[in-house]
Amino acid sequence: MWRLGDELAVRLPRTERAPALLRTEQAWLPVLAPRLPLPVPAPVRIGTPSSRFPHTWTIARWVHGEPADRSPLTRIDAADVLAGFLRTLHDRAPAEAPANPARGVPLARLHHGDDDPFAALADHPGIDGARELWQDALAAPDRQGPPLWLHGDLHPANVVVRNGTLAGVIDFGELCAGDPATDLSAAWLLLPAGAASRFFDAYGPVDDATMARARGWALLRAAGLIGIGRNGRLGLPGGKPTREPAGHAALERITRAGAR
Numbered sequence: 001m002w003r004l005g006d007e008l009a010v011r012l013p014r015t016e017r018a019p020a021l022l023r024t025e026q027a028w029l030p031v032l033a034p035r036l037p038l039p040v041p042a043p044v045r046i047g048t049p050s051s052r053f054p055h056t057w058t059i060a061r062w063v064h065g066e067p068a069d070r071s072p073l074t075r076i077d078a079a080d081v082l083a084g085f086l087r088t089l090h091d092r093a094p095a096e097a098p099a100n101p102a103r104g105v106p107l108a109r110l111h112h113g114d115d116d117p118f119a120a121l122a123d124h125p126g127i128d129g130a131r132e133l134w135q136d137a138l139a140a141p142d143r144q145g146p147p148l149w150l151h152g153d154l155h156p157a158n159v160v161v162r163n164g165t166l167a168g169v170i171d172f173g174e175l176c177a178g179d180p181a182t183d184l185s186a187a188w189l190l191l192p193a194g195a196a197s198r199f200f201d202a203y204g205p206v207d208d209a210t211m212a213r214a215r216g217w218a219l220l221r222a223a224g225l226i227g228i229g230r231n232g233r234l235g236l237p238g239g240k241p242t243r244e245p246a247g248h249a250a251l252e253r254i255t256r257a258g259a260r
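Using UniProt numbering, the first residue of the sequence shown is number 1, and each one after it goes up by one.
Keep in mind that the hints were calculated from the coordinates and are not lab data.
Built from N, CA and C at the ideal position, the CB exists for glycine as well.
You may find that some hints are simply not true.
Claimed, not checked - Derived DMTMM-like pairs (lysine to aspartate or glutamate); straight-line CA-CA distance at most 25 Å: (1) LYS240 / ASP77; (2) LYS240 / ASP116; (3) LYS240 / GLU66; (4) LYS240 / GLU252.
What the hints assert, rightly or not - Label pairs and their in silico Cβ distance ranges: (5) PRO101 / ALA122: 26 to 32 Å; (6) ASP207 / VAL44: 37 to 43 Å; (7) GLY224 / VAL10: 24 to 30 Å; (8) PRO237 / SER50: 26 to 32 Å.
Whole structure, please, built from the sequences with the hints as guidance.
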């Protein structure tokens, strides 16, 4: 991504998956952006593949602030802002909304037999509690209601912070229809310690099964952040070192909250 003046950015996909993710943004973010209560990178121009660049590309609105993996949310009222954003986004999705095999689906589809998604975190002080919460999430009933619009990828690098609170949401490539528990995991992935209860009060009623699934998603995403961050610390391909402390902080928040 390159900055274009003060208000725009140019997004040129580089990885194998990126063109498909960008096409999702191009198709659906213009539909959703006008009703969302926070700034998002709505496309203003869509480029077509050519001999000079073989993929679609986008000129989008720049969202001002710092990503939360570099400048974490610190204000407790960020819970209200996040809840308002998700309450608005989580509307019933149309039949033609994109599906995503790894977002908004039952967690059991992502859990293969005896695989332990937390094996690399065996030395973490809260790992026993994390495994218990994960089993609770797997045992929770699946969502029975209609699929809702989801951001699908609400982790610290995909939200923007100013003055300690939420100022924007970016990277809608995983946008899809499904179980809102995927997005509700952001209560622990993004917010400061102790803010999750305020978030759920502001968001509205969430049943026990959805809450259990949301904790499961939070655990899974925290473990993923730690793994990507560790790879970055070790200089491995695809690693991003800022993700590791963000993942550890999220894991601590969810295990502490689940122990109460």
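To see whether the hints hold, each was checked on the structure:
no. : hint                        : in the structure
1   : LYS240 / ASP77              : 28 Å, violated
2   : LYS240 / ASP116             : 23 Å, holds
3   : LYS240 / GLU66              : 16 Å, holds
4   : LYS240 / GLU252             : 20 Å, holds
5   : PRO101 / ALA122: 26 to 32 Å : 28 Å, holds
6   : ASP207 / VAL44: 37 to 43 Å  : 40 Å, holds
7   : GLY224 / VAL10: 24 to 30 Å  : 28 Å, holds
8   : PRO237 / SER50: 26 to 32 Å  : 28 Å, holds
Going down the numbered hints, you'll see the structure goes against just number 1.
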